[in-house]
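Following the hints, complete the assembly by docking chain X onto the known chain Z.
Chains as they are written, first to last, in our numbering: chain Z, 2 to 122; chain X, 57 to 167.
FYI, nobody ran anything at the bench for these hints, they're computed from the structure.
Label-pair ranges, simulated between beta-carbon atoms:
id	chain 1	residue 1	chain 2	residue 2	range
1	X	132	Z	83	38 to 46 angstroms
2	Z	16	X	137	47 to 55 angstroms
3	Z	18	X	69	45 to 53 angstroms
Positions of the beta carbon are idealized from the N, C-alpha and C atoms, including for glycine.
Below are the chains, spelled out letter by letter.
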Amino acid sequence: QVQLVQSGAEVKKPGASVKLSCRTSGYTFTGRAVHWLRQVPGQRPECLGYINAGNGNIRYSPNFLDRLTFTSDTSATTAYMELSSLRSEDTAVYYCARDGGWTYGTTLFDYWGQGALVTVS
Amino acid sequence: IVMTQSPLSLPVTPGEPASISCRSSQSLVNSNGYTQLGWYLQKPGQSPQLLIYLVSNRASGVPGRFSGSGSGTDFTLKISRVEAEDVGVYYCMQTLQSPYTFGPGTRVDLK
Chain Z
2 QVQLVQSGAE VKKPGASVKL SCRTSGYTFT GRAVHWLRQV PGQRPECLGY
52 INAGNGNIRY SPNFLDRLTF TSDTSATTAY MELSSLRSED TAVYYCARDG
102 GWTYGTTLFD YWGQGALVTV S
Chain X
57 IVMTQSPLSL PVTPGEPASI SCRSSQSLVN SNGYTQLGWY LQKPGQSPQL
107 LIYLVSNRAS GVPGRFSGSG SGTDFTLKIS RVEAEDVGVY YCMQTLQSPY
157 TFGPGTRVDL K
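Here chain Z stands alone, though its shape is the one from the complex (with noise of 0.2 angstroms):
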């Protein structure tokens, strides 16, 4: 079966970054996308981009364009998401999540990560 687990929560101080994984299995990496949102407690999921291992497309929100970096690991089916520069803005529950659209003509979420709580303090 289909599963992203990610890695757990963490606490950073201002300035510094944070690198987060998400481990995937029972599917073929390098076959669909992984996306990166954001949840502030209480407000709505906010997409930070995508990485796509398979052909190497990689898109940033433009609110990140030069604090965010997306990489993965095929041999580990694993995908990364750094964040740079880190404000207490930053503090949310960040998600990946599979885009299992392409056959659909869209993109949509079908799996998700269980996210991680980063906490900027």
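Positioned in the frame of chain Z, the structure of chain X alone reads:
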């Protein structure tokens, strides 16, 4: 693209129907004629889960009591008969233009 929803809070009686509206600031129809609108449910303490994609297609495993409709900029999610397990926050989401954006959410709870 700005997404709005109404109502933001919806108390429901089990067994009764429920309806949530979603509106986008521009048409969500892509160049192939597909409308890029989906619905997600976030149950308390859980990650969001996909309910509906391309306006009206139920995701695998989603009960038949959920249905989506709409076109262009106006969309609706309906639950024919609400069950206790349906409580949570419902989000519409557009995937026409990056960054993809969610509506503010509609919190559904039981009366």
